[in-house]
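All chains, full assembly: derive it from the sequences and hints.
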Amino acid sequence: MQSSKKGIFSTIYNQRQLIVLTFPFLIMVLIFNYFPLWGWLLAFKDYKPYLGFQNSEWVGFKNFADLFSDVYFFQALRNTLVISCLKLIFNFLSSITFAILLNEIKNMLFKRTVQTISYLPHFVSWVVAANIVYTVLSPDYGIINDLLVKFHIIKEPINFLGEPQYFWFIAPATEVWKEMGWNAIIYLAAMTNIDPQLYEAASIDGAGRLKRIWYITLPGILPTVKILLIMNVGWILNAGFEQMYLLQRPSTLDYSDILETYILRYGIGSGRWSYATAAGIFNSVVSLILVTTANKVASKIGEGERVF
Amino acid sequence: MFKRRVALLVAIAFLMTIIVPGFFSAPTKAVAASKNPIVFKIYWGDSNAEPVDVWKTPIGKKVEQITGVRLQFEFIVGSDEETKAGIMLASGDLPDLINAHNVVNKFIEAGALVPLDNYIAKYGKNIKKWYDAKALKKIKYPKDGHIYYLTPFREESDPLYSFAGFWLPIYVLKENKWPVVRDIDTYFKIVKDAVKKHPTYNGKPTIGFTALTDSWRIYVLMQQPLRLEGYPNDGGWLIDEKTGVVKDSYTMPYAKTYYKILNQMWNEGLLDKEMFSQNYDQYLAKISSGRVIGFYDERWQIQSAIDSLEKQGLYDRIPIAMPVLKKGVKRDRYNVVTMGTGAGISITKKCKDPVAAFKFLDRMAGEDILKLINWGIQGQDYYVKNGKMYKDAKQIQNYMNPDYRKKQGIGGNIWFAFPRPPFDWTYSDKSGKISWDYSDQALEQRYKPYEKEVLKAYKIKSFKDLFSPTWNSPYGYGWDIKLPDDLQAIQNQADDLQRRYVTKAIMAKPGEYDKIWNEYLNKMKNIPIKKVIDFRQKEIQRRLKEWN
Numbered sequence: 001m002q003s004s005k006k007g008i009f010s011t012i013y014n015q016r017q018l019i020v021l022t023f024p025f026l027i028m029v030l031i032f033n034y035f036p037l038w039g040w041l042l043a044f045k046d047y048k049p050y051l052g053f054q055n056s057e058w059v060g061f062k063n064f065a066d067l068f069s070d071v072y073f074f075q076a077l078r079n080t081l082v083i084s085c086l087k088l089i090f091n092f093l094s095s096i097t098f099a100i101l102l103n104e105i106k107n108m109l110f111k112r113t114v115q116t117i118s119y120l121p122h123f124v125s126w127v128v129a130a131n132i133v134y135t136v137l138s139p140d141y142g143i144i145n146d147l148l149v150k151f152h153i154i155k156e157p158i159n160f161l162g163e164p165q166y167f168w169f170i171a172p173a174t175e176v177w178k179e180m181g182w183n184a185i186i187y188l189a190a191m192t193n194i195d196p197q198l199y200e201a202a203s204i205d206g207a208g209r210l211k212r213i214w215y216i217t218l219p220g221i222l223p224t225v226k227i228l229l230i231m232n233v234g235w236i237l238n239a240g241f242e243q244m245y246l247l248q249r250p251s252t253l254d255y256s257d258i259l260e261t262y263i264l265r266y267g268i269g270s271g272r273w274s275y276a277t278a279a280g281i282f283n284s285v286v287s288l289i290l291v292t293t294a295n296k297v298a299s300k301i302g303e304g305e306r307v308f
Numbered sequence: 001m002f003k004r005r006v007a008l009l010v011a012i013a014f015l016m017t018i019i020v021p022g023f024f025s026a027p028t029k030a031v032a033a034s035k036n037p038i039v040f041k042i043y044w045g046d047s048n049a050e051p052v053d054v055w056k057t058p059i060g061k062k063v064e065q066i067t068g069v070r071l072q073f074e075f076i077v078g079s080d081e082e083t084k085a086g087i088m089l090a091s092g093d094l095p096d097l098i099n100a101h102n103v104v105n106k107f108i109e110a111g112a113l114v115p116l117d118n119y120i121a122k123y124g125k126n127i128k129k130w131y132d133a134k135a136l137k138k139i140k141y142p143k144d145g146h147i148y149y150l151t152p153f154r155e156e157s158d159p160l161y162s163f164a165g166f167w168l169p170i171y172v173l174k175e176n177k178w179p180v181v182r183d184i185d186t187y188f189k190i191v192k193d194a195v196k197k198h199p200t201y202n203g204k205p206t207i208g209f210t211a212l213t214d215s216w217r218i219y220v221l222m223q224q225p226l227r228l229e230g231y232p233n234d235g236g237w238l239i240d241e242k243t244g245v246v247k248d249s250y251t252m253p254y255a256k257t258y259y260k261i262l263n264q265m266w267n268e269g270l271l272d273k274e275m276f277s278q279n280y281d282q283y284l285a286k287i288s289s290g291r292v293i294g295f296y297d298e299r300w301q302i303q304s305a306i307d308s309l310e311k312q313g314l315y316d317r318i319p320i321a322m323p324v325l326k327k328g329v330k331r332d333r334y335n336v337v338t339m340g341t342g343a344g345i346s347i348t349k350k351c352k353d354p355v356a357a358f359k360f361l362d363r364m365a366g367e368d369i370l371k372l373i374n375w376g377i378q379g380q381d382y383y384v385k386n387g388k389m390y391k392d393a394k395q396i397q398n399y400m401n402p403d404y405r406k407k408q409g410i411g412g413n414i415w416f417a418f419p420r421p422p423f424d425w426t427y428s429d430k431s432g433k434i435s436w437d438y439s440d441q442a443l444e445q446r447y448k449p450y451e452k453e454v455l456k457a458y459k460i461k462s463f464k465d466l467f468s469p470t471w472n473s474p475y476g477y478g479w480d481i482k483l484p485d486d487l488q489a490i491q492n493q494a495d496d497l498q499r500r501y502v503t504k505a506i507m508a509k510p511g512e513y514d515k516i517w518n519e520y521l522n523k524m525k526n527i528p529i530k531k532v533i534d535f536r537q538k539e540i541q542r543r544l545k546e547w548n
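Chains as they are written, first to last, in full-length UniProt numbering: chain A, 1 to 308; chain B, 1 to 548.
Hints in this document: simulated from the structure, not taken from any laboratory. Some hints could be false.
[Unchecked claim] Straight-line C-alpha distance at most 27 Å; calculated DSS-like pairs for lysine-lysine:
| id | chain 1 | residue 1 | chain 2 | residue 2 |
| --- | --- | --- | --- | --- |
| 1 | B | Lys-523 | A | Lys-62 |
| 2 | B | Lys-204 | A | Lys-155 |
| 3 | B | Lys-509 | A | Lys-150 |
| 4 | A | Lys-62 | B | Lys-482 |
| 5 | B | Lys-192 | A | Lys-155 |
| 6 | A | Lys-48 | B | Lys-350 |
| 7 | A | Lys-62 | B | Lys-192 |
| 8 | A | Lys-155 | B | Lys-352 |
| 9 | B | Lys-538 | A | Lys-48 |
| 10 | B | Lys-197 | A | Lys-150 |
| 11 | A | Lys-48 | B | Lys-352 |
| 12 | A | Lys-48 | B | Lys-143 |
What follows is the structure, encoded as structure tokens:
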């Protein structure tokens, strides 16, 4: 920890190999993450591919004006935020709970089997998963409706995927089914880092299972949870394109149309590249604001856990 | 030390076995490659086509031998042609050839396609035979007067079956003593009675009426009111065939009446509960299961479901199209014949050898190849006697089997898209019609036994006899008018609004229908659809003037 000017140079000199090693990655980030930003200029043009970038007309903020005057854009934004937030909450709660419960299981064979089964759906593509979801939820012969009707919980089968209002919950629920086991892995890893002596000490002090979970396991994984939360907030405007695209139907568009599917349909799908770019910029700016805010908040509350 | 040496030796031996054969086999491969035909990549942007790589079938291989061209297919995944075209153009990653189908104007406007006019004049030996000056005039892109593809939509319609209609399965028709269902009220009454009489089939509930609503295919639900009013399928537009005046179907009064009927049926539980959540495959599976009574569709969309029912032997469950109309309308236009201007195969600017590609397209219209792809291999799929082509009983059976056709590579959606004459033309050696489907033999043989029984019951010769005579459209097909991007965006908005609200209205609770419909009409007012109507009207009027 040297703070003098000479110190900085000597630190650089001492770490010269490390610094050189980071160059390839810096270049990669520049090429793939910063260079494409040049394409944002499209949002201020009326881009026509046959005219090329040079010859397309400048239109200023017209595309943004169009975007903000479209009712369906705000509907898509609302849906994105709602679905993402629900997904964030459901995902965190389910995978943390699952990891804790799994951590308490002492029978290794059972534990491994459960874990493997739980993360298998992660490897199934959404194309296949969407068909599974459809079949399971079908009002015609789907197992869920069959069970609900047989146990007399409902009288008539529910058309889950056809009723717009249900979509906000189907999206997070299916995501939980698909990703819960996978997301739990990182928490399980964090739990293995907790010192076993803490548990021993706690049980000598008379703490039961629940108390041990509450006072040792949970605080133990808190830093991981915080970092993941901040990182996920950055993705909040990405509500999961594939899933939505495959599960949405014309009848549920009012609740299932998210920004990405909106951009696809009204932007690229209609040949409005500039419009799509404008929507993309909006998306990025909001994400940036959200991440920095979350990071600030985390650093205020926590003991220094933050991404940057 | 010794161990390390052994390890090294093993490693070297291992590397040699991997690398050395590579060195030796490389030159032989290169020699083989030089004998290979020209390879063209082709993008198949027609989401209706079954993705069959015909070049791998016996007939495809023969075509390769004759033309010296091998096609490498890339089929569209999913059904969103427009989006895929947009992404292709944005990335500039184009194959040599494209079957752009409904979104060809995007490629033309983007300057991605090679104009074919000069090639046709210079190399179009076969093409000039099939496409006369008048036909070529029709497929000129109105904006710049160039030809970018040779349309496969020729003046022909299947002599055996109606193109579209409201369908009812044979057992229901039989129970009702073979009615010709002409008005919609009777149609839905038959549906209701049938559901009451047969509440279940194979342990699953019978479905009264269903509809295809998967992405763009929802158009079949949107065009039902138009069809009932006696208009042809013009892409959702009411076109006056004499004056060329175009009206939109979005706000047509009859649509409200018709969807209200559906809304009542929805609340009575007669409509398919999954109508708005199923995709195309699930829809086909449902019809194939024999549980569905009524639906409206075009025959080509449900052909595979009919094939499947036949294969299962569920003959009495096979649907027959009925000429259903609104009460008071006299003439149906379910069957239209005209030369369309829809897209066939185009050559892109990225094509490595456009001349060779065009010569290939022209060669595909040669009579020997037409015989091969439409009739099959001589001796195997057909015989020639006294200079006439014919199929024996076994060959006919093969030809009628969709699996055999797929394996052999006869007919089908892929060959359909190449430049071709109408199928009912006759080869210049007078050996028969271009396609066996239109030959005299086929007209007798193509109907299966169960169909012949139905025909006998109705005392008709063709299922088309139930319908009004085929109508010859003076302005072509209204659906193949290509809109510029800005107008397309407006139409997409209107389509989207229509789809959202019609589905919402059909599923509305009792008493809420009118409120939702008025909300829809109010929102439609905000969309400048008038611009699209004007554009279409101008184009229809241009066609009426220039084509006739």
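Against the structure, the hints come out as follows:
1. The straight-line distance between the Cα atoms of Lys-523 of chain B and Lys-62 of chain A is roughly 22 Å, inside the 27 Å bound, and the hint therefore holds.
2. Proximity of Lys-204 of chain B to Lys-155 of chain A is assessed by CA-CA distance (about 17 Å); at most 27 Å being required, the pair is judged to hold.
3. Restraint check for Lys-509 of chain B and Lys-150 of chain A: the C-alpha separation of about 26 Å stays at or below 27 Å, so the hint holds.
4. Taking the CA atoms of Lys-62 of chain A and Lys-482 of chain B, the gap is near 26 Å; set against the 27 Å cutoff, the hint holds.
5. Taken as a hint, the Lys-192 of chain B and Lys-155 of chain A pair is honoured in the structure, with Cα atoms around 22 Å apart against an allowance of 27 Å.
6. At roughly 18 Å between alpha-carbon atoms, Lys-48 of chain A and Lys-350 of chain B fall within 27 Å of each other, so this suggested pair holds.
7. Restraint check for Lys-62 of chain A and Lys-192 of chain B: the C-alpha separation of about 53 Å exceeds 27 Å, so the hint is violated.
8. A distance of roughly 64 Å separates the Cα atoms of Lys-155 of chain A and Lys-352 of chain B; the hinted pair therefore is violated under the 27 Å criterion.
9. Straight-line distance between C-alpha atoms of Lys-538 of chain B and Lys-48 of chain A comes to about 24 Å, which keeps the hinted pair within the 27 Å bound.
10. In summary, the hint linking Lys-197 of chain B to Lys-150 of chain A is supported, as the alpha carbons are separated by about 25 Å, within the 27 Å threshold.
11. A distance of roughly 24 Å separates the Cα atoms of Lys-48 of chain A and Lys-352 of chain B; the hinted pair therefore holds under the 27 Å criterion.
12. Of the pairs offered as hints, the one joining Lys-48 of chain A and Lys-143 of chain B holds, with about 17 Å between alpha carbons and a cut-off of 27 Å not exceeded.
Against the hints set out earlier in the document, violations occur for numbers 7, 8.
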